[in-house]
Amino acid sequence: TTPPPPTETTTTTTTTTAPDKEAGGGGDPHFARWGREHDSFHGECDIVMVHSKNFHDGAGFDLHARTTIQDYFSYIESMAMKVGDSILEIQRDQLYLNNMKLTPEDLPFTFGGKFKYTISNAPLEASKNPKYYQYYKVDLHEDSSVLFKFYKKFLTFQISGHPDDFNDSVGLMGEYHTGEMISRDGQVMTNFDEYGFEWQVAPTDTVLFSDNRPPQLPYEMCRMPTAARPGRRALRNTSIMSHAEEACAHITGGDYDLCLEDVILTGDVGIASLW
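Take the sequence shown: its position 248, counted from the start at 1, is 248 in full-length UniProt numbering, and no numbers get skipped.
Heads up, some of the hints might be wrong.
Capping the alpha-carbon separation at 27 Å, the derived lysine-lysine pairs in DSSO-like fashion look like this [unchecked claim]:
no. : residue 1 : residue 2
1   : K53       : K114
2   : K101      : K153
3   : K114      : K137
4   : K128      : K153
5   : K53       : K153
6   : K82       : K137
Simulated restraints on C-beta separations [what the hints assert, rightly or not]:
no. : residue 1 : residue 2 : range
7   : T204      : A126      : 42 to 50 Å
8   : K116      : G186      : 13 to 21 Å
9   : K131      : N191      : 34 to 42 Å
10  : S86       : D193      : 26 to 34 Å
11  : Y132      : K53       : 32 to 40 Å
12  : S86       : T204      : 30 to 38 Å
13  : V188      : M224      : 47 to 55 Å
14  : D57       : P225      : 16 to 24 Å
15  : P163      : N191      : 22 to 30 Å
Don't read these hints as lab results, they were simulated from the structure.
Don't be surprised by glycine CBs; every beta carbon is placed ideally from N, CA and C.
With the sequences and hints as input, model every part of the structure.
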């Protein structure tokens, strides 16, 4: 008998790229660290969201949020971002790029050197009234981006971060690969309120906002709401509850309860649309 021909084995090597991670925050503010669920920090101050020293060949990336207290809730009022030598402040009706005012009519606008960054008006969903909504998107060269969504005065942001860009990032959004809460000196933290205070903008951080609105370290730590916050049971008995449930129906998991609280505390069902 003739022996069977030898079997040929072909080995295929597949290279997989780690997927981009997302992080963000908004509402009364709730913050989702890289790849994690939301945690809440209600302090009023400027907070380091992301700091990456190695971003784009050492150009560096910083993203700060300015939070404001109103009665017993708080919200993100504005944000500021630094890429390389350029600082961009994001406000509801205008932006400031290195102190040059830009309005939505001036966009898209591209800046940068070796790496190009473009600010544009992100499209609104068909159901959104442009009187109340304004979306901005910053494309960070080829891979990463930041989306800023305003509903009235309430700002929500979402970062889509590529591992090549944010591999070394720290700040309130956590350690990039795990989303863990890492302190300024590299220690793991477990309490999110303490973590919020840890990442209040400090004198050693780059100044991004053009005005030094209090509170500012080293003189004053983040201010916490002093007005009594209604209990969860009291919130659920309010007349707006049924409207809140309807507005938040598209939300799943633990975020559903956070959405309900945002609507009830602010008395504005529109804030649910930012979830």
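Unmet hints by their number, sorted upward, for this structure | 5, 8, 12, 13, 14
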